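Enquirer: Residue strings, one per chain:
There are 2 protein chains.
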Amino acid sequence: MKKYRVVFKPKGITVFAGAGSTVMEAAQQAGLPLEALCGGMGNCGKCVVRIAGGAGKPSAEEKNHLAPEELKQGYRLACRAKVGGHLEVFLPDPSETKAKGFFKEPGKGLKLHPLVEKTYIRLAPPSLEDQAADSSRVLQGLGLKSQNLPPSLCRKLPRTLREADFKVTLIHDERGLLGVEPGDTTARNLGLVFDLGTTTLAGYLVDLTSGKLLAGDAVHNRQAAHGADIITRLAFVRREKDGLQILHRVLIDALNELVEMLLGKANCRGEDIYASVVVGNTCMQHLFLGLDPSSLAYTPFVPVLKEGVTVSAAEMGLKLNEDGLVHVLPNIAGFVGSDTVAVILSTGLDRSRATKLAIDIGTNGELVLGSRERLLACSAAAGPAFEGARISSGMRAAPGAINKVFLRDDIAFSVIGGGKPEGICGSGLIDAVAILLETGIVNKRGKILSPGELDPSISPQLIRRLLRHQGANAFLLVPASQTAHRRPILITQEDIRGLQLAKGAIAAAIQVLCRCYGVQAGYVEEVFLAGAFGSYLNPKSALRIGLIPPGLGERITPAGNAAGEGGIKALLSRREIKRAGKLAEKVEHVELAAFPGFYELFAAEIDFP
Amino acid sequence: MKKYRVVFKPKGITVFAGAGSTVMEAAQQAGLPLEALCGGMGNCGKCVVRIAGGAGKPSAEEKNHLAPEELKQGYRLACRAKVGGHLEVFLPDPSETKAKGFFKEPGKGLKLHPLVEKTYIRLAPPSLEDQAADSSRVLQGLGLKSQNLPPSLCRKLPRTLREADFKVTLIHDERGLLGVEPGDTTARNLGLVFDLGTTTLAGYLVDLTSGKLLAGDAVHNRQAAHGADIITRLAFVRREKDGLQILHRVLIDALNELVEMLLGKANCRGEDIYASVVVGNTCMQHLFLGLDPSSLAYTPFVPVLKEGVTVSAAEMGLKLNEDGLVHVLPNIAGFVGSDTVAVILSTGLDRSRATKLAIDIGTNGELVLGSRERLLACSAAAGPAFEGARISSGMRAAPGAINKVFLRDDIAFSVIGGGKPEGICGSGLIDAVAILLETGIVNKRGKILSPGELDPSISPQLIRRLLRHQGANAFLLVPASQTAHRRPILITQEDIRGLQLAKGAIAAAIQVLCRCYGVQAGYVEEVFLAGAFGSYLNPKSALRIGLIPPGLGERITPAGNAAGEGGIKALLSRREIKRAGKLAEKVEHVELAAFPGFYELFAAEIDFP
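For the record, the sequence lines run as chains A and B. My numbering applies: residue 4 is where the first sequence begins, and numbers increase by one. My numbering applies: residue 4 is where the second sequence begins, and numbers increase by one.
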């Protein structure tokens with residue numbers, strides 16, 4: 004058999020692989036095993052590499068996972084690409100993989116006009132002929148006549164001007180001067196986006212001059228120690244005397260840690276961060292600003308603050324430049340937060356002629372329906388199933404979670420980060436239940452049938468997975484021998500009930516929005532699925548379980564981290580901040596609890612299609 | 004002799020006084036001696052009382068001291084008014100005397116539009132049909148769409164709204180909402196003016212709803228412990244590591260003490276003070292804001308900050324309402340402060356068709372010349388003589404100071420607060436020197452002549468007062484037996500030198516301003532003399548010593564506490580604050596040190612006319 008030289012970059016490890024073997028096999032030979040969550044079936048799309056040299060034509064699976072542009076650049080799935088000549092294989096940089104595809108170029112098409120800008124200026128020193136005050140001198144430098152200058156800035160002004168011989172960089176925003184730095188520091192102007200999730204706090208460090216993302220990272224929201232979800236945290240605030248202060252403090256500390264991590268990754272300094280944008284659900288926004296969110300706990304669920312606000316980084320205790328600004332985007336309602344505003348910024352629903360739907364699924368699903376004419380939003384209390392909580396083997400979409408399930412003769416699955424599974428996350432659960440529905444193991448009502456009730460055509464490998472668990476039927480997804488913790492991963496009858504409630508809430512919410520908007524669901528031309536969940540979710544499975552109305556399967560677009568992307572847009576363009584302000588006013592909030600017939604619709608959507 | 008009943012109010016003490024006796028004599032009879040600094044000659048104007056009943060026609064002296072309006076209301080000089088029927092005599096409330104005539108009705112003619120206003124509003128509570136956020140609800144109540152709300156305000160919002168059943172008072176300024184109070188508190192809206200002098204810190208408590216002055220008071224500027232004048236304090240800041248912080252802290256503490264005093268007097272609460280305006284010289288303004296004033300110490304004397312700024316009371320550590328605002332008026336130059344801007348607001352130079360001059364005399368004299376076409380300002384380093392410093396028996400215009408000197412057969416004088424004198428203040432010194440010039444005891448060059456050199460017509464009582472002191476001639480104003488401290492009060496040759504330097508600096512400054520403006524001094528139609536000094540100063544004496552150019556004597560108007568009055572105007576009307584901002588830009592600063600020929604002019608003005 005003819006052998007070809009395969010060089011794996013960047014390490015330069017070289018092997019000789021037989022013609023027709025896969026690049027993945029060559030990688031194993033080189034001691035560089037690639038992620039192959041689907042077992043090398045071309046299904047999971049995790050083994051993307053870039054290949055230079057003869058590797059044959061892309062397979063159908065590759066065309067499925069990679070854009071024509073990416074294929075043109077040499078991106079391939081290692082499990083499908085076959086060695087057909089000497090090759091160079093560029094293995095992905097782990098951090099690059101994380102960022103790749105996560106954002107759809109947030110700065111694209113934006114005219115850069117960041118929240119905070121820098122201008123270098125050489126001022127004339129004062130003289131008896133020009134006795135202008137230091138303040139007037141710098142304001143004139145910016146072409147401003149007057150401004151309510153913060154005393155903290157004025158305190159630093161005389162020394163900075165004189166030490167730098169009146170050659171300084173002025174830091175300014177829309178409202179005027181924020182700070183003055185000696186010399187020319189225009190090359191260092193950084194911004195941050197914080198995406199405050201109930202479970203995860205994500206941060207993105209951005210170069211405000213180029214608009215480029217320098218680093219992204221996330222930390223666990225340690226408020227979870229005082230309540231896993233919003234409702235429990237609200238109870239904590241109402242119960243504990245210093246509850247609000249505790250949650251606020253824990254959050255700020257975690258964000259400062261996140262800032263450190265991002266700065267470390269990008270090798271930058273916190274004092275160069277002058278701008279920051281915060282998005283998040285309304286409760287998190289309140290906790291960030293130290294506002295009492297208690298009124299979100301009871302009807303009519305009104306927030307304390309809706310409008311966007313700009314506060315100083317120093318006032319918030321954030322370790323950015325002390326003159327830096329933090330802009331908190333506005334929210335829409337008590338359970339439709341600024342993250343939803345950011346999703347609209349990113350998906351452009353407010354600029355679309357066609358009617359579109361954006362869904363950001365979490366413990367609360369937020370939905371926005373509409374076009375540039377009108378936008379409706381609601382929050383659906385889906386419950387925790389989509390986040391893998393209160394599911395027998397559930398976990399969130401983190402390393403170790405089964406995030407995709409495939410049916411071949413038997414069950415196959417992919418695990419986030421590879422290795423043995425520890426549990427199953429929302430998208431995996433939806434895949435699994437879709438398969439169980441498709442095979443008839445679970446019926447329309449959500450019941451797991453007993454072996455005797457099943458269609459005889461069902462593969463015996465599947466039937467063998469049925470067992471009894473706590474007095475009900477259950478499906479063995481992964482036997483104990485194949486899991487990380489040596490406990491089986493099951494789909495129980497309770498798990499399916501939880502999923503039914505969750506999908507029923509979202510499906511009913513879509514119905515309500517469509518009715519309020521006066522359209523049939525089929526009229527919706529595009530469905531954006533935002534967030535990590537939306538990226539992992541298999542649209543076919545979502546359709547199969549009835550999460551998405553029939554007919555919309557082909558119209559689903561994963562929107563990536565749409566909230567973070569919208570936040571970056573706002574950071575890079577003041578017009579986007581204004582747009583966010585208008586959106587928060589324009590979007591009509593639909594309170595599902597107040598919609599006549601909502602509970603009937605919800606009950607009807609609990610069954611599977 | 005016919006006797007009439009004279010009742011002294013408010014105590015109700017009654018005496019029967021002979022027809023034709025003076026009210027002052029009746030008061031002595033009642034054991035209620037009145038201040039009679041001039042010995043009851045109708046000269047000092049200190050014995051003002053209000054009389055109901057027959058007291059004859061006002062004398063020439065009374066017409067001199069009291070406005071027609073005051074005479075109509077029954078105000079009289081007790082030493083001149085004669086008992087001609089049964090009388091009620093209203094003795095002045097000591098605190099009222101202090102305020103009376105001090106301000107020329109600061110709110111007069113102003114459309115009240117105070118810095119901070121209150122609006123009572125009954126909001127609809129939220130419901131499922133009206134889920135507006137607390138913030139949006141109150142902003143709608145004010146007719147505002149959006150605003151950058153301070154988090155501190157939002158923190159209090161939900162509880163205040165709910166405890167008051169959504170009936171609240173909104174506190175707002177031009178830029179939007181500042182605070183929310185439960186119920187209707189519109190009747191309690193107070194403001195403060197701080198006039199920051201180098202020696203004295205004055206404060207005025209004002210009712211922002213009615214525009215009325217509730218209380219005025221002053222405390223010693225305890226920064227004096229670190230330097231009696233600006234130059235010494237600047238040296239302290241530059242020498243001591245924490246000098247700036249020390250002076251800032253001492254100032255804020257003293258202002259808080261002043262606030263307490265004012266609140267006590269008016270029986271009000273600090274939490275009802277939402278607005279405050281600060282005027283003062285540029286150095287004091289810098290120390291108030293914690294800005295380093297060091298650059299005022301050397302040429303070209305530029306300040307750090309010129310523009311007006313609004314800061315929060317909480318940020319400044321002032322014990323007003325924590326959401327309250329402090330507006331610091333803008334300054335004109337390093338030695339022409341916001342107190343001068345306030346003097347212009349109060350005297351209306353910027354609205355005058357005619358060319359006018361305003362002089363605020365202290366250690367530094369600030370002068371403004373011009374009309375609505377153009378305004379010029381300068382600072383003249385008069386030295387300390389006008390404030391009674393570095394004068395052998397000098398003291399500032401405080402109780403115990405001789406503030407007026409009269410010539411009869413012999414010397415007579417009035418003492419602030421009555422009693423035996425402790426020293427002499429600026430206006431007294433000017434009177435005394437004017438008399439010595441008029442009598443020929445002092446010649447044009449400022450020399451105190453020896454008895455042998457004098458004109459023989461001079462009263463022997465005056466000649467007897469000439470003596471030798473430290474090797475030079477001196478004039479004995481008050482012998483030791485008649486002073487509070489049993490030391491004589493002298494006018495020494497050195498004192499006259501000090502006064503010559505002081506008056507020469509002011510007179511030269513007037514010359515420079517007139518030259519820059521392109522007019523002769525005689526062209527000036529009105530001369531405002533601002534401050535306590537200006538009120539005590541006898542215009543004839545000022546002319547006699549050459550402080551004011553010849554021909555302007557009849558055109559002098561004492562402007563009272565013009566700086567404080569201008570501050571109150573700004574507090575009561577946002578238009579005045581805007582006017583102040585424009586003034587600071589419009590007024591052209593003339594740097595005397597840079598004016599060609601200034602020192603020659605100054606030297607020429609040292610001689611007396």
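Since the hints were made in silico from the structure, they are not lab data. Treat the hints with caution; some may be incorrect.
Per the computed footprint, the stretches of chain B lying under chain A, defined by three or more beta-carbons under 8 Å from a beta-carbon of chain A, are [stated by the list, open to error]:
# : segment
1 : 121 to 132
2 : 142 to 152
3 : 198 to 210
4 : 306 to 313
5 : 592 to 601
Far from chain A, some chain B residues (derived; all Cβ distances over 12 Å) [as the list claims (entries may be wrong)]:
#  : residue
6  : R8
7  : L156
8  : C157
9  : P303
10 : K322
11 : G337
For clarity, every value in this text was computed on a predicted model and none was experimentally measured. We put the beta carbon where it would ideally sit given N, CA and C, even for glycine.
Enquirer: Taking the earlier hints as the rules, which of them does this structure contradict?
Expert: 3, 7, 8, 9 and 11
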